[in-house]
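Chains as they are written, first to last, in my numbering: chain A, 1 to 223; chain B, 1 to 66.
Calculated directly from the structure, the hints in this document are not laboratory data.
It is possible that some hints are incorrect.
Claimed, not checked - The list that follows gives simulated cross-link-like pairs (lysine-lysine, DSS-like), each with its CA atoms no further than 30 Å apart:
hint	chain 1	residue 1	chain 2	residue 2
1	A	Lys37	B	Lys30
2	A	Lys220	A	Lys100
3	A	Lys176	B	Lys30
4	A	Lys23	B	Lys30
5	B	Lys16	A	Lys99
6	B	Lys41	A	Lys42
7	B	Lys16	A	Lys176
8	A	Lys121	A	Lys23
9	A	Lys37	B	Lys41
10	A	Lys100	B	Lys30
11	A	Lys187	A	Lys176
12	A	Lys187	A	Lys23
13	A	Lys42	B	Lys30
14	B	Lys30	A	Lys190
15	B	Lys41	A	Lys68
16	B	Lys16	A	Lys121
17	A	Lys220	B	Lys41
18	A	Lys144	B	Lys30
19	A	Lys176	A	Lys42
20	B	Lys16	A	Lys23
21	A	Lys42	A	Lys187
22	A	Lys121	A	Lys100
23	B	Lys30	A	Lys68
24	A	Lys176	A	Lys99
25	B	Lys16	A	Lys144
26	A	Lys221	B	Lys41
27	A	Lys100	A	Lys144
28	B	Lys16	A	Lys42
29	A	Lys68	B	Lys16
30	B	Lys41	A	Lys100
31	A	Lys144	A	Lys221
The lines below spell out each chain.
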Amino acid sequence: MSEINNVSEEKVEVRSLPRIGSKAPDFEAVTTHGTIKLSDYKDSWLILFSHPTDFTPVCTTEFVGFQKIYPQLREMNTELLGLSIDSVHSHIAWVRNIKKNFDVDIEFPVIADLDMNVAGKYGMIMPEESSTEASRAVFVIDDKQVVRAIIYYPLSTGRNMDEMVRLVTALQATDKHSIATPADWKKGDKVIVPPATTTELAEERANDDSLECIDWYLCKKDL
Amino acid sequence: MTCVNDKGQLSPTQRKLLEVIDNNSLSIEKISEQTGLPMFKVRSNLREMNQNGIILEQDGLYRINP
Numbered sequence: 001m002s003e004i005n006n007v008s009e010e011k012v013e014v015r016s017l018p019r020i021g022s023k024a025p026d027f028e029a030v031t032t033h034g035t036i037k038l039s040d041y042k043d044s045w046l047i048l049f050s051h052p053t054d055f056t057p058v059c060t061t062e063f064v065g066f067q068k069i070y071p072q073l074r075e076m077n078t079e080l081l082g083l084s085i086d087s088v089h090s091h092i093a094w095v096r097n098i099k100k101n102f103d104v105d106i107e108f109p110v111i112a113d114l115d116m117n118v119a120g121k122y123g124m125i126m127p128e129e130s131s132t133e134a135s136r137a138v139f140v141i142d143d144k145q146v147v148r149a150i151i152y153y154p155l156s157t158g159r160n161m162d163e164m165v166r167l168v169t170a171l172q173a174t175d176k177h178s179i180a181t182p183a184d185w186k187k188g189d190k191v192i193v194p195p196a197t198t199t200e201l202a203e204e205r206a207n208d209d210s211l212e213c214i215d216w217y218l219c220k221k222d223l
Numbered sequence: 001m002t003c004v005n006d007k008g009q010l011s012p013t014q015r016k017l018l019e020v021i022d023n024n025s026l027s028i029e030k031i032s033e034q035t036g037l038p039m040f041k042v043r044s045n046l047r048e049m050n051q052n053g054i055i056l057e058q059d060g061l062y063r064i065n066p
């Protein structure tokens with residue numbers, strides 16, 4: 001799934017992103033923890049995220065942030081896997097530098113995607129911004145290896161770690177309870193009951209005292 | 001990427017895997033549970049050790065190549 005665009009008279013290959021609900025593109029990649037395949041993560045949830053470059057300030061704060069949420073994610077059967085267009089030796093040196101400067105051990109693997117194989121498959125390169133660095137992409141992949149959510153940030157802006165945890169929590173709650181989650185939902189808040197699909201069900205819903213209904217199409221309940 | 005270092009030794013993770021497998025035939029889930037290692041790490045290391053002939057796999061169970 002690719003096309004050739006003319007950008008500044010140079011031919012740059014632009015690949016489209018995997019879509020939400022599609023099977024996550026398979027890969028085998030060299031990482032700081034050895035060679036890893038996407039299929040190694042089956043039965044676990046995975047946050048696959050890219051960063052532009054090792055040894056840069058915003059990325060360093062993000063790595064410290066990702067490591068801080070890693071134990072919480074692991075309790076949610078969710079793994080982290082980083083990626084950038086750097087060598088594994090650069091990753092190792094950077095991870096050791098983070099340990100030295102921040103006293104933080106980066107425990108998750110980081111893909112050394114020098115040939116841009118994985119970044120290409122996941123559309124992590126935004127050529128108009130940089131053709132040699134990955135943007136700040138996040139792919140939430142579920143335990144059946146399906147893409148469930150995608151977040152993109154530009155090079156200049158660090159991501160929000162609470163949102164990563166909130167997003168996975170919400171997706172897992174949706175799977176477990178067949179519900180949806182409202183804006184700014186957090187664990188413990190009321191959830192949204194799927195809207196009624198017939199007038200009969202709408203009437204029943206409107207009169208259901210166990211639900212908190214603003215109207216027939218917007219009803220909430222406790223989990 | 002080889003699982004042995006320049007002295008021909010296995011990585012600490014792989015030594016841990018061998019200790020747990022010992023004389024048994026174990027599933028990935030069981031090995032993960034007994035080592036405390038995440039499943040992805042058990043899978044990727046066992047695959048490498050299988051390719052190097054250190055570990056054998058049959059019907060999803062892993063044992064040391066005698």
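Quick rundown of the hints versus the structure:
no. : hint                   : verdict
1   : Lys37(A) to Lys30(B)   : holds, 20 Å
2   : Lys220(A) to Lys100(A) : violated, 48 Å
3   : Lys176(A) to Lys30(B)  : holds, 25 Å
4   : Lys23(A) to Lys30(B)   : holds, 27 Å
5   : Lys16(B) to Lys99(A)   : holds, 24 Å
6   : Lys41(B) to Lys42(A)   : holds, 12 Å
7   : Lys16(B) to Lys176(A)  : violated, 35 Å
8   : Lys121(A) to Lys23(A)  : holds, 12 Å
9   : Lys37(A) to Lys41(B)   : holds, 10 Å
10  : Lys100(A) to Lys30(B)  : violated, 35 Å
11  : Lys187(A) to Lys176(A) : holds, 13 Å
12  : Lys187(A) to Lys23(A)  : holds, 27 Å
13  : Lys42(A) to Lys30(B)   : holds, 15 Å
14  : Lys30(B) to Lys190(A)  : violated, 37 Å
15  : Lys41(B) to Lys68(A)   : holds, 20 Å
16  : Lys16(B) to Lys121(A)  : violated, 34 Å
17  : Lys220(A) to Lys41(B)  : violated, 40 Å
18  : Lys144(A) to Lys30(B)  : holds, 20 Å
19  : Lys176(A) to Lys42(A)  : holds, 18 Å
20  : Lys16(B) to Lys23(A)   : violated, 33 Å
21  : Lys42(A) to Lys187(A)  : holds, 25 Å
22  : Lys121(A) to Lys100(A) : violated, 34 Å
23  : Lys30(B) to Lys68(A)   : holds, 28 Å
24  : Lys176(A) to Lys99(A)  : violated, 37 Å
25  : Lys16(B) to Lys144(A)  : holds, 28 Å
26  : Lys221(A) to Lys41(B)  : violated, 39 Å
27  : Lys100(A) to Lys144(A) : violated, 37 Å
28  : Lys16(B) to Lys42(A)   : holds, 22 Å
29  : Lys68(A) to Lys16(B)   : holds, 26 Å
30  : Lys41(B) to Lys100(A)  : holds, 25 Å
31  : Lys144(A) to Lys221(A) : holds, 28 Å
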